[in-house]
Every structure is written in C-alpha cells, then in structure tokens.
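Put chains B, C and D on the given structure of chain A with help from the hints.
Given next are the chains, with one letter for each unit.
Number of protein chains: 4
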Amino acid sequence: MTKLSKSTIGVGVAGTGFIGPAHVEALRRNGITVLGLAENTREKAEQKAAEMGIPRIYGSLDEMLKDDDIQVVHLATPNYLHYPHAKAALLAGKHVVCEKPLAMNTRESAELVQLAKETGKVNVVNFNIRMYPLVQQARSMVQSGELGDLFILQGSYLQDWLLFPTDWNWRLEPELGGSLRAVGDIGSHWLDLITFITGLRVVEVFADFKTMHPVRKKPARPVETYTGKILQPEDYVDQPIFTEDYATVLLHFENDVRGVLTVGQVCSGRKNRLFFEINASKSSLAWDSERPNELWVGHRTQPNQIIMKDPALLSPEARAVTSYPGGHNEGFPDTFKQLYNKVYNYILAGDYNKPPDFPTFADGHYEMQLCEAIERSAKEKVWIKV
Amino acid sequence: MTKLSKSTIGVGVAGTGFIGPAHVEALRRNGITVLGLAENTREKAEQKAAEMGIPRIYGSLDEMLKDDDIQVVHLATPNYLHYPHAKAALLAGKHVVCEKPLAMNTRESAELVQLAKETGKVNVVNFNIRMYPLVQQARSMVQSGELGDLFILQGSYLQDWLLFPTDWNWRLEPELGGSLRAVGDIGSHWLDLITFITGLRVVEVFADFKTMHPVRKKPARPVETYTGKILQPEDYVDQPIFTEDYATVLLHFENDVRGVLTVGQVCSGRKNRLFFEINASKSSLAWDSERPNELWVGHRTQPNQIIMKDPALLSPEARAVTSYPGGHNEGFPDTFKQLYNKVYNYILAGDYNKPPDFPTFADGHYEMQLCEAIERSAKEKVWIKV
Amino acid sequence: MTKLSKSTIGVGVAGTGFIGPAHVEALRRNGITVLGLAENTREKAEQKAAEMGIPRIYGSLDEMLKDDDIQVVHLATPNYLHYPHAKAALLAGKHVVCEKPLAMNTRESAELVQLAKETGKVNVVNFNIRMYPLVQQARSMVQSGELGDLFILQGSYLQDWLLFPTDWNWRLEPELGGSLRAVGDIGSHWLDLITFITGLRVVEVFADFKTMHPVRKKPARPVETYTGKILQPEDYVDQPIFTEDYATVLLHFENDVRGVLTVGQVCSGRKNRLFFEINASKSSLAWDSERPNELWVGHRTQPNQIIMKDPALLSPEARAVTSYPGGHNEGFPDTFKQLYNKVYNYILAGDYNKPPDFPTFADGHYEMQLCEAIERSAKEKVWIKV
Amino acid sequence: MTKLSKSTIGVGVAGTGFIGPAHVEALRRNGITVLGLAENTREKAEQKAAEMGIPRIYGSLDEMLKDDDIQVVHLATPNYLHYPHAKAALLAGKHVVCEKPLAMNTRESAELVQLAKETGKVNVVNFNIRMYPLVQQARSMVQSGELGDLFILQGSYLQDWLLFPTDWNWRLEPELGGSLRAVGDIGSHWLDLITFITGLRVVEVFADFKTMHPVRKKPARPVETYTGKILQPEDYVDQPIFTEDYATVLLHFENDVRGVLTVGQVCSGRKNRLFFEINASKSSLAWDSERPNELWVGHRTQPNQIIMKDPALLSPEARAVTSYPGGHNEGFPDTFKQLYNKVYNYILAGDYNKPPDFPTFADGHYEMQLCEAIERSAKEKVWIKV
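Residue numbers (the numbering used here), protein chains in the order written: chain A, 1 to 386; chain B, 1 to 386; chain C, 1 to 386; chain D, 1 to 386.
Here chain A stands alone, though its shape is the one from the complex (with noise of 0.2 Å):
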C-alpha cells in the first residue's frame, strides 16, 4: 500500500449544519482533501457537496463507512447520533473525528472510549478551543510553574443567541440535544479548557440550574442554529423546555484547588464569550474568547502584562499552532485548522501509541461523567462526587 499524505488520504465528513463546514474548510487549510460528504438524504449530501465541491456523496453515514477509501470520518451530526455514528465508523476501521459532547451519556461514552481502544484507531473530540494559541500560552505557563500553586479557576461561557422565548433549536429538545444544554453544550468546553491547562480533575461539583424560559415557541418548519434570529413570531407551538439556561457550577478539584463556572444562554450582548481567569500564588491568568489574541497576565509587584498573539512572545506549544505573525488575528476557523493538523500529522505518523496531543474520547468521556455530577448536583442540591 502506498503510504498515505494529506492529499491522498481519504476523508469524509458527516453533517452540513453550522459545524459541518467549519471541518471542511479546516481540513483544506491543511491541504487535505475532503473526498465525500454525508448527509440524512442523497439530495441534501448532492446540494452541500456541489456547493463546497466535494466529489462524493453518501445519503447516510452507513453508506460512508461502506466506503473502503474513506479513512478518516468527521462526525457533525447533532448529539444524539454522535455515539451510534461513532460506534459504527469505529467498528468500519475508520479513525473518527466527533463533534463533542461524545455521547449521551457516560455510559455511551464509556463503551466509545473502549472500543476506540480495541479498535486501535485515532480517535478524537473537537474541543477545538484548545488550540487557541493564547490557550496554549496559558497551558504552558501553568504548567512550567510560571504562575505558581494555583488558588482559583473561574469564569464563565456567556452566549444570548437563546435570549428570546421565540428562539429555538434542536438542542432544545432533549432526545436530540441531551439532558443538559448550556452545561453540555458550552459549559463543556470550558470544562475540558481547563482541565487541559491545569491538568487538574474535578474532585466534586455543586451546581445551581435555572430555566428562564420553561416555555418556548418551536417553528412548525426547521430553522438553522444562531439564524433563527430574523425569524417572526407566527407559525410557532408552545413547547416545554426542561433543560438549563443558566447554570452555575462550584467546583473542588485536586489539591484543594477551588473553581466556578457560570453558563448562560440568555445573556444579551455576550455572542460567544467564554472567559476565564486563574490566580495561583504568584500571577493570575485571564482570556476571553471574543478577544481571543491577547492574554491578561495579573500580577502584585509589577505591572499587569497583556501577551499578545505574537510568535517571538510564545512558548513553543504556543508556537507551534500559530501560523500568522504578530498583530495578524487568528480567530475560530483557525482553531480547526490547527487540530487538524495535528490529528492528521498523528494519523499520517502511524504510531498510535505515542500520547496525542490533541482531545481523545478520553477527554470527551471525562466531560460526560463531569455532567452527569453536575446534573445530580443540581436536582438534588448536595455536593457530587465525580
């Protein structure tokens, strides 16, 4: 067998909404083609695939993974069909890329982490935020013990694009999103965020939920995530809603550390905006995803320093997912682009043994057991375990 590059190697991608095309893009920026696409109908994968150009079109994810020169699969499907879609490309022989969160439930993605594990094939989370440069900044500074010992991980994911009580999506709908929505869908990556530059676990969460808006109105026909903005308030249906709006999250991890998490989904003027801030015995830390080249380093006995996404300023993990001189923004789409290149230089390398340096379902699996605490936590109001 040939050995296999970026150009030749064969991947398909899953899913056309909002994510779908941010993988395309991403996996071109790095010189990979993307062979197929799939989609729930052949009609829907041939009107996405001829505008992205994409040569192949499969009408489902079964009739890709039959595809003997599809290696790599990227699922951006919603939720609930990350697990049976990753069960079943994992057991094709397909390295799988999948949109978090991996499952439903820990459950699911225990049985996913095991058999990525039998399967021997790569196997990766889109925690993409990850690969923000300044997030790599901040890894490396925490743990080359720049900061010191640390005291206090907080902050908080902030979005408003469910403000309204007209405002509906799928991850609305339990079955189709899951039991959590703000936690799950963005408290999640704040989560792995933080773990991934501390290296710290949790120990035990305390978490308090609210439901602003019990009922919702749904669109009779099916709107786009984050379009639905400029939709009218007519032709809609009442609909409970049993999933959180806000959450707040106490959280104890290792060594005593302590931390709090705050998600809201109804918070306007905040588009997308993941913050945190970390103060350990020397220096503090602060980001904020919608200013996402500088870096706020906080310190006592000399002046607060902003560090910004500048190559000759970073460390070399920083470095190493920067492609842009200083002062030149890097923004979302380059965050895929960055985790693509590292996950397809691992798949290419061939040697999967070596630690990835990227988010595995390990990493997703962890985020579902964190959930599920957090939801325990706020039905029956006592500090969980994790």
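No wet-lab data here; the hints were simulated from the structure.
Wrong hints could be hidden among the right ones.
[To be verified] Over 12 Å on every C-beta distance to chain D, these chain C residues come out as not near it, computed from the model: (1) I19; (2) A110; (3) G120; (4) G148; (5) L162; (6) P174; (7) S179; (8) K218; (9) P219; (10) F242; (11) A286.
[Claimed, not checked] With a straight-line Cα cutoff of 25 Å, these simulated DSS-like cross-link-like pairs (lysine-lysine) come out: (12) K44/A x K87/D; (13) K6/B x K44/C; (14) K87/C x K354/C; (15) K3/A x K117/A; (16) K210/B x K385/B; (17) K3/D x K66/D; (18) K87/A x K342/A; (19) K87/A x K354/A; (20) K6/B x K48/C; (21) K6/B x K6/C; (22) K3/D x K282/C; (23) K87/D x K342/D; (24) K48/A x K66/D; (25) K3/C x K48/B; (26) K342/D x K381/C; (27) K66/A x K87/A; (28) K44/C x K210/C; (29) K217/B x K282/A; (30) K342/B x K48/C; (31) K48/D x K48/A; (32) K218/C x K44/B; (33) K342/A x K342/D; (34) K385/D x K379/C; (35) K44/B x K66/B; (36) K354/C x K6/C.
Backbone N, C-alpha and C define an ideal beta-carbon position, used for all residues, glycine too.
Frame of chain A, contents of chains B, C and D only:
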C-alpha cells in the same frame, strides 16, 4: 438656636487609617468644616490633626462625644469598634456615619437599628460605591424596566493585597475584623450594590470558602492597610488564619432571580475590582469599578453600548451624583463626596421621616444578616435561608 | 507676622463657571479655606458664595485685590480676562494661579512672565493634566531613560461638545476666547503635557486647520459651558465662526524627534479624550485621559504592560500625586487637588528661588509661543520655526 | 470546453514567503485547488510544494505561465517583481491576483492598468483588509449617510518589527521594495481602506518623513519576513537606509474633507495595528485591526456603541463576507478567503464588464499615484496635488 449650615454644623471624625482621610476630604469638598478628630491617644490625634488641619482633637471617642459642638460623628475605626462607638454616639445624641460592616454580628447590628430609631438620629452606613454615577444609572435602568425581567446577577470583587503569606492587616484577625473577611470586607459592598440596583432581597445562599494561606506571617510592629507591600520577610511570627481568602456564593433572590458572587483577596493583578453583570430579558449591564466611568449595555438585536459618565446621557438620579462633564473622570474619592452631599442635605433639611436617599443602619443590618447566612452555609454545606 | 498655614492663608477665587468650583473643592481637599469669591456683580458673587459656603464676596476682581487678607488669587475667568487680571493681581502683591491660556498673545504672556519675575510672586498656570499619577509615571520613565531614545510623539485631543452648529460657548468668540480655539483650548494641554513628559522643546511646526461649521447658531441668552446640549434650536442668530474646529499639527522637536497632534471639537463620542503615544528606541507608552488610571507600555521582545495607578508600582514622582491605593480610581478633580497641594506647599515654604514643581507663567508663555507659530503655519502653509 | 468550477479552475501561486501560503490556504478554503507553485528555483519550489501539498512545480514564473492548465496566477513575490510578473501573466492570457504594491512607480502601474484593459483579464490587487466584515460595515454606514457629512478621516498603521537597527528585510532595500517603505508597505493599505470606505479621492497631500535608523545591520545570509526577531547581532554589515521608518501625511480629500495618517515601523508594542477613526456630522466610527471583530460607533446624544461581528447586526455587504456567527472571531486569514471568494465568483461568472466587487489594478495604480505625491511632498516640503 441658629439654623445650621454646611459651614457651621459640627462634624467629628474618629479614625485616621486608610479611610478616615477620605471622609475628611469628601466633607470639605461639600463645604463642610471638620471640627474635630478622635484617635486612641491624644498624641496620635494631635499629629494627624496637624497634618490635616483639623482644629480640635480628642484622645478617645468618648471625649469627642462629650463635645457639645459636635453634631455628627464619622466612625472610620476598625470593624470591632463600630458597634460600641455607634451605640455610644447615638446615645450621646449624635448623628452617625459608620464605616461598614456596621457591627460584628446581627445581634449588635439589630440593636443599632433599634437604637437609631429610638433616638431619631440620622444613621448612615458608608456604602459609598452606590454613589458612582454609573451605578446610579444602572439602578435607574433596572428600576424603569428598561432591561426587562431580571435573569442573572453575577459578578465578583477581587483584590490582590493579601496575595502573599507575608501580607498582614488587622482585618485578618477575627476579633478585630470579624469572623468573615473577604465576604465581609468586600463581598458586602457587592451585595449591597446589587440590592441597591435591583431592589431584590436574597432568599437563600450557598457558599464555598477557602483560606489559601492557613498560616500567615504577622509582623511584630503594626503596618497600615494596603502599604504592607514593601515590607521585608523578617521579624514575622506565624499566625493561623481562620477567615476566608476566597468565597463563591450562590444566591437565590426574590422572584427566583439567580445570582453568583466570587470574592478573593489573593487575585494578583486585580487591585480592587468590583465587577457585576446583570442579565435580563431585554438587555444586560456590566460595570467594572476599575473603569468606573463606563457602563456596558449588552443587546441581542442592536449593537452593544458603552454609556460614559456624561451628564447629557444619564438618568436624573445618575446626573445628581455627577459633578463634572463627560470625559472628565470621577473616581473613588468622588463617591464619598456625593454620599455626604446627600447625607448632609438630609441632616440639614431636618425632616427625618423622609425616606433617606443613602444607605442606613437598616442596610448595614441586612448585610450582616446576609453575611451570617453565608458563613453558616459555608460551614454546613447546605442552602441557608436568609 | 504669624507663619501662614493651609488653614490660615487667604485665598480668593475669581470666576464660577465650569472650572471655578473645581478650584474651590480642590483647595478645600487640601485643608485650604477659600476666603473670598469674586464675580462680575456682587449679586452673582453672593448667590454663588452662598451655594459654595464661601464667607466673603466681591463684585469685581479689583475689590478682591484690595482685600489685604487675600494672599493668593485663582483666576477662573474667561480667557480674555486672564492677562489684565493676572497683571492686576501681581501688581497688588498676590500670588496667582491662572487658568490656561495665560493670555491672548505672546506680548501679553511675555509681560506677565516678566512681571511675575519682578514681583517675586508665585505664579501658576493651571495645566492640571500633568498631575495625573500616570502622566507623572510616563515622565519618570522617559526621564530615566527606560524608554530609550525618543522617536515619535503622537496623539490627539478630541471632544464632541461643539459637534452641532447649534452648540455655542464664549470660546467660539475670538475676542473672548482668542484667535485659536481647538488648538488653544485643548491642544495647549496636549503640548504642555508632552513638553512636561519629554522635556523637549518644539523647533518648528506645520499646521492644517478646518472650521467645519463656518456659521453657528448663537443663542440670544447666555449658556453655560458643556450644558448647552439640551437647548432647543430657537432664538438663535447666525454667527460666522473664524476659529478652528479641527487641526493637525506636525511637530519637529529638539534632537529631530518627530511629533503629530490632532485636535477636534466635533468628534462625536469622544467626550474629552486626550491621547498620547510615545514611541522610543526601547519601548512605547500610551495614555488615554478617559481611562486615566492605566498606562500602556508597548514592548517588542516582551509582553506589553498595563501599569495601573497603584502606588506600589509607581515611581516616587507618580506616587507623590497619588492619594489612594491601587484599584481606587482617581480622576479629573484629583489633578486639581494634587496641583494645589504642590503649589501651596511651595507658597508656604517661602523659598521662591527653588525651582517650582508645577507649571508656571513661563510654561504658559511657551504655550502661547507655540500657538502663535501654529496659527501662522496654518495661514501661510509652511513650516514655522518656534 | 467544459464550464470551469472552483474545483477545476487552474490556479498557480508564485512566491512562498510570508504571504504566499496565506493565498494558498485561502484558495483551498473556497474549494479551489492550487495546481502549481512557482519559485525562483525548482528545488525551492519542490520543497515548498511538498510541504504544502501542491501537485505541480515551476522553477520560474515563465515556466508557470507556459502551463496551459493555469488560468489564474497569484503573485506573492517581492515588490520589484510585481510589474514584470503581472505584465507577463497578462500577456500570457492569465487572470492575475497581485500583492500590493502593484508596481514600483506609476509608469509601471499605469501600463498594467492599460494592459489589463486590453487583455480583458480579471485583475486584482490584494488589498485584503477591505474584506474584514466590520470594514465592510463601516463602508455601508458611511455610504448610506448614517454618519452624516464626513469631517475628519484620521488614523495610523503602526508596527514594531523594524524597531531595532538589527532588524532586516528585503523591504529595506529600495531596489527590491521601492523608494517608499512604511508608506508603501502599510500606509497604502490604510489609504486604500479609507478610499474604499468613504469613496473619496485625495486632492492633495503634505508629508513629513523620518528614518530613525539611517544605518541598519544587514545580515550576511537571507532572513524571512517577521522572523528576524530572534537573530543574533553578528555577521551583519552596515547598510545605509534611505526609506522612511516613520511618516505622517496630511490629507485633503474631495469635498474639503480633512485627513491625517501616521505610519511607523518602529513602534514597539504595536505588532500590526491599522487604526482609523472617521468623524462625521452625526456619528463617528473607529476600528483597530488588532481587535478586528469590534467597530466603535461614537455618538453625541446617545451612548457609544460597539458593533460586534455578528451577522444579525451587520449590513448585507458586511454579512456577505462573514462566515461564522457572532462571537466566533474571524481574523486576518479570513480576509483572504473572503476576497478570493468574490474574485473567483467573478472569474467563474465570466461577465467581465460587470463592476468588480474587489480591488483591481486601477486601485493599485491609484495607490501608486498617492504614494508618489506623498514622496514628493516629503522631499519638497509643500502640499502636492494628486
């Protein structure tokens, strides 16, 4: 008796630490003469009075209270003295402006509220932060319904002056500062502010505390607040610390409004940063005390806004505490000036049945109740009703 | 004669517009009693003195100058009166604190410098902006060589209070405000600041002017500075405008350092924003008067910094004009307080051969020289030597 | 002939410095295959093509032009090659996307404009900054009259990568980079942007130049753009520098609109900061390329606004260059993607009489005219008509 005016009313100040001089200059800006200064010795009083140009001195509060020319007493003494001093002052027939916290516990604070009522004297707790123009603006916007229904009241109050185990201050000693520290000293400001802005009372609280430095180095000789930063690590003694360096408090307000407050005094780079964000059904507000002349307004269907402290853009209530035109920053000292302007107008007007437009002992007592509930929750690890 | 102190020195203030009360409260914060107030009628003086609690009143400057208890005179009158008033005050043997600009032209300002020298009286021009702690910090950093060799001195001073053709103020009338407006009124502050920080004199200038509103609507009755924003467009008369709404000035400093200043009073959203950026061979500085508690330091080989107004982080010179701890904002009114603290310490110390640590008539005269060169360049469209 | 599509059109890229790879990945994001890569040797082409996964290589531009499968040529070569390369490409019947500046002087650029017209080929100058969503938004707001009459167009473009005398790059050599440097390299972007946003042409200019480092250390061996930051000061030779490190240009636009631009490449801390502020009779705009997802709108009678890059808040023109939802940052690489999306849609549509919605050789020629006037003004120290 001649009608009193700002120039002729007799005002005495007790205490000359960090905050006493702030009272003095704010009084003078209002055209109010500071007649006398009390310290715990005549020598100290004499020295400080000479520095500040205050004509009369007293070697104790009692001495000041015996001066019939004194009609108003400002208490800028350590926390544990607030209760006995305020009580003595009221009993001596003086109006009282007391630094926060009003007392060491609710028994004391309740007694002071009762005594103030009985004596009919004007009573003030120095929650000066209410007097920032943009805090008043926030209140106007919430109260007018411009933001819609309140959803989330979140924020923090972070400082770094107790970051190192060698940092020392009387606030660290429970018998001088109280059994709460970060929550009592700065959290109380945040809680008062949110109550002031929203008009909502807290129904129940859940708290998580941590003392990052369970042992600190106490210097042999006394040091002044905020200036210990340049001390050398010698001649210290080990002192166990029982009060919290960090706390997060989950808050359930009336109308099932949710809230969360994080306080920390070990957060390097945050010098004195009170931050709040209010998310409501129409718009959000955010304010940062380190940039007090800007109020962020977050919107979903129109661009976000920054309201500057410009009288032309403010509500009547906010304009009433604004002295300078737009772009001319007003800061921390100005809040004292605006507060005492209100207080002395009220005192001089003479109608003490009129609802005061400044924080009173009742507000100070409410904070004590909140703090006790928070402390209990942190100990018992359950939600505590206020 | 008894030795004077801050409490006993006799201070008179002339003028009660926007800036007179700023003088009064700043004096009082320093423990200085304001003894008398002069206005152009006794009625106006009486009313304003009652509002501000000032004991003595005068119906004219001359009347105030005849009061032997007055040792220092503050001139907060319209520009065209500065020269005759300062001259009369010096001749009457008073120390003089004069608002800027010092005079209407260099002939007048030169005469005042000479007269001040002859009378030996303390003479001050109210360039208050020098007294922001972080401006002093900038000066310390430049003077110590920390920034390296100076390259570029760039910036702007922008306001919006004259945006609309219906905005009116006495400063628009050359015979009251002078033949320069934006340059004289606000540009002079910027030029003084840069001279103060760098110690460099301007060698030559090139200017470009524009009057965006060559005709404005002048109200029939007088309006107060900065408050005209709420007037209705009625009872106005058309008034041709000859002074500049906008100017950019190219600057050649000593040592061939380059500079550029843009001023505008028709820049909506900029309430009162003085900005400077200093680029030098090692580092850069930037400061924005609308966020005066932060100084940006730009680096090439290390992260940029934000120096906050925290005494623990400041140079001795900056700390000397700082009254409050880090994170406690000080603003515009505080610059007056710090300036008069220096001025009255100097007056009371009594050694007038000592170099003053505040701006004097000589600085005021230098600004007039600069302004005249700028005005000439704008007219002649050539570089003009200063 | 088969109708071309994004997948089948033949695209060749010349040059693999800093900017060539930016072209490549932006093309691929649009589903466009990069067919060939030209370098000045086959060895270099081979190595870079392998890195980037490009199938065909050429040892010279001429070789690439002879490949009939190439229909579009991207020129990412040093400045002095733009003219001969663009000319050759047009003569070979290729569409041309050329990096700026288009040529070394107006004689060359005029010839290219003429040649493009004669050949009927699509011609593009890579003024990518136009494609930031909020730049398009600024343009929409100006063009719709929302801001009112334009008053002042001010701003700067500052960098620090040439701060030290040891910094070196081919742009420093006039015969490679041109006789202008800061103005030609980055000032031209600012000038193009302001023209694009306002539609106004410059009538006359007045410029002030300075070369802070009249002698620089040139390394013996070649270094790549922006990466020289880590070189050691050894093996350098002294090289006199004739191009400007700094310039300020006064601008008189049509309709007597005033402007001023400052450029500098020795401004430490400013990595790559293009800033503009537009002041008009109703409102102002300000934008900073280091925070490209935010557009400041300044108002007089209402709060200032921050428009985020949120499709729901943008004009149709701005939305058309936006790929991701609000809060998902798009940055520098995305401007290339959006530009080529427009360019290839135009190329593939085939109607070259339609006014292009991207910058063309005519725009590149206009910039050359401006630059020549600026250079002449700096030399002659007088206003120069464009």
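Against the structure, the hints come out as follows:
| no. | hint | result |
| --- | --- | --- |
| 1 | I19 | holds (22 Å) |
| 2 | A110 | holds (29 Å) |
| 3 | G120 | holds (43 Å) |
| 4 | G148 | violated (9 Å) |
| 5 | L162 | violated (10 Å) |
| 6 | P174 | holds (21 Å) |
| 7 | S179 | holds (20 Å) |
| 8 | K218 | holds (19 Å) |
| 9 | P219 | holds (18 Å) |
| 10 | F242 | holds (16 Å) |
| 11 | A286 | violated (8 Å) |
| 12 | K44/A x K87/D | violated (44 Å) |
| 13 | K6/B x K44/C | holds (20 Å) |
| 14 | K87/C x K354/C | holds (23 Å) |
| 15 | K3/A x K117/A | holds (24 Å) |
| 16 | K210/B x K385/B | holds (22 Å) |
| 17 | K3/D x K66/D | holds (21 Å) |
| 18 | K87/A x K342/A | holds (23 Å) |
| 19 | K87/A x K354/A | holds (23 Å) |
| 20 | K6/B x K48/C | holds (14 Å) |
| 21 | K6/B x K6/C | holds (20 Å) |
| 22 | K3/D x K282/C | violated (57 Å) |
| 23 | K87/D x K342/D | holds (23 Å) |
| 24 | K48/A x K66/D | violated (35 Å) |
| 25 | K3/C x K48/B | holds (20 Å) |
| 26 | K342/D x K381/C | violated (44 Å) |
| 27 | K66/A x K87/A | holds (14 Å) |
| 28 | K44/C x K210/C | violated (37 Å) |
| 29 | K217/B x K282/A | holds (17 Å) |
| 30 | K342/B x K48/C | holds (19 Å) |
| 31 | K48/D x K48/A | violated (32 Å) |
| 32 | K218/C x K44/B | violated (58 Å) |
| 33 | K342/A x K342/D | violated (30 Å) |
| 34 | K385/D x K379/C | holds (18 Å) |
| 35 | K44/B x K66/B | holds (19 Å) |
| 36 | K354/C x K6/C | holds (20 Å) |
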